[in-house]
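Given the structure of chain Z, go ahead and fit chain E onto it with the hints provided.
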Amino acid sequence: MIRLVMVLLFVCCMTLATVLDPSFQRLHNRENASASVLVALMGDSRRLFAHEFFAKADAYFHSGFYPTIFDTQPPGSESDLKEESHAKPAGAAPHEEEHSFLGAPKDCFDRFGRHFYPTVHTHLHGGNEREMLPWLKLSADLDPHEIDTYLTASYWLRTSLNKPAEAEQFLRQGLRANPDSFALLLELGRIYLDNRKNPRVARNIFLQARQKWRQQDAAGDKPDPHAYEEILGEMVRADRAQGDVKAQIADLEDLINVARGKEVLQRQLDDLKAKLGEPKP
Amino acid sequence: MSSSKSWVTSHNPDANNIFAIAGVVIKELYRRKDFYVLFALVVLITVMLGSLNFFNDDSIVRYLKDACLLLIWLFSLVIAITTTARQIPAERESRTIYPLLAKPVGRGEFVVGKFLGCWLACGIALLAFYFFFGLLSASREHTFPLLVYFQAIWLHWMCLGIVVALALLGSVVFAAPSSNATICFIVVLGILFAGGHLNGVALQIPGFRGQLVYAIYFAIPHLEWYDVREWIIHNWGLVDWLAWTGASIYAVLYTGMLLGCTWLVFRRRKLTL
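Protein chains in written order, with our numbering: chain Z, 1 to 281; chain E, 1001 to 1273.
Relax, there's no trap hidden among the hints.
Here are the simulated distance ranges between beta carbons: (1) E/N1056 to Z/Q211: 29 to 37 angstroms; (2) E/T1143 to Z/Q215: 51 to 59 angstroms; (3) Z/P67 to E/L1127: 31 to 39 angstroms; (4) E/S1139 to Z/K222: 46 to 54 angstroms; (5) E/L1147 to Z/I69: 27 to 35 angstroms; (6) Z/Q211 to E/D1057: 30 to 38 angstroms; (7) E/V1078 to Z/R214: 55 to 63 angstroms; (8) E/L1070 to Z/Q242: 48 to 56 angstroms; (9) E/D1057 to Z/T18: 41 to 49 angstroms; (10) E/D1057 to Z/N178: 21 to 29 angstroms; (11) E/A1040 to Z/F10: 32 to 40 angstroms.
The hints are simulated quantities; they were obtained by calculation from the structure and are not laboratory data. Here the structure is a predicted model, which is why all the values come from computation and not from measurement. Cβ coordinates follow ideal geometry from the N, Cα and C atoms, glycine included.
If we strip away everything but chain Z, and leave its shape as in the complex, we get (with noise of 0.2 angstroms):
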């Protein structure tokens, strides 16, 4: 009798596992499904993982000085990280700015315990840039709608690292999580015209992003208009790059109009028109 109901579990077990089995195929051949264990496992939490994973980033690109939680920062201070890879332009050396979260000394065994750890604030540079990356690459895994984080590490990747592919994959990983992102297109143009020297291409892009960026200013999200800027600033490079004066003369119409700098920009489209034989307005 007890053999009998063996066999029976047995053959339960056999044909609930032909049931469940092509189930956990398709579970585990999903393109989200290691995202989605994760959200499943962590939850929200997953977000404060991404954001130490990114700050962990950050003291590595300082070389370890950095300030811990008990070290206070002065209010509304972004990461130099972010700074760095946001407002620079490709190839621009690292500043050298010496300034320190540490203070002074406050007695004799903080003066001591400074020689155990770093206390001169530098930044990777000649390649070593590469080290922050796992981290950069775990904190999108752990949150992948953290827009600055593709960011940084394609920025890093298609100047200091000269890796423009792995860049661009990477970026297109945002893309997925993130379609209505005009930062990512603009970034995603940059490769296209700084590394790939493919300016048509790369306008396209451009476009797009400005599209992106005019209809959720019409939705009245208040998108940051310093990007808008940027796209319309890397609008008229591309035409350059192609030779295109007439769009050229479009788009740097577009940027005067929204740009702070407008003297030199307007001096840039009255020689655009000159060229074109243009009256000057």
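Just chain E now, kept in the frame of chain Z:
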């Protein structure tokens, strides 16, 4: 005369006794499976992390060094605390402490022997751990900064000396090895995490409470000085030799103080269960 001679013999610490007790502790380390399991875990986890591909770049190494050193620190603390915490309670439980102390081995010799054994065992474990770390680092960076590793191992070992002495004191104060180990872990990790920042916290607390926190800051063993992981990971070179010597002297003094306290408590302790 003979009674005076026997008094001298029984009160002067005998190095042979101390080394004999220490030898037994070291043998225990390699007979037990703890170290092998932890070493295998370090190797396994690090190799798994090393096999990850980040943007097709094989020369990325610092995250690997970071993870490996974190595991080494964590597991060395596990070895130091768990090995030390069970020494005296195990001797009492198996009643081997009675013939040992009747040999005669003084209680001071017993404490120093146990400390030395645990500390040397930790040193052997550290050598194995750091050898693997050095190989791993050299495989990607193609350098083997021997002096830097020597400084790091030494400081780490000095730190473990304080931890071992602390756990030994705990083993004569607390009833069970488990409670001793738990308390030691909390204290050591707490000091490593926040010990160096207590002065900053104290300055933000007004009045007597602030002064009390500052006093605690000066009183606790500053284990965070010995954690030079950031220094090694980011290739900052050698730690200042003078600071290195100062930290070593501080560790010796603190360890001596803790061992003295252990002996003071242990010499009057009734050993009956």
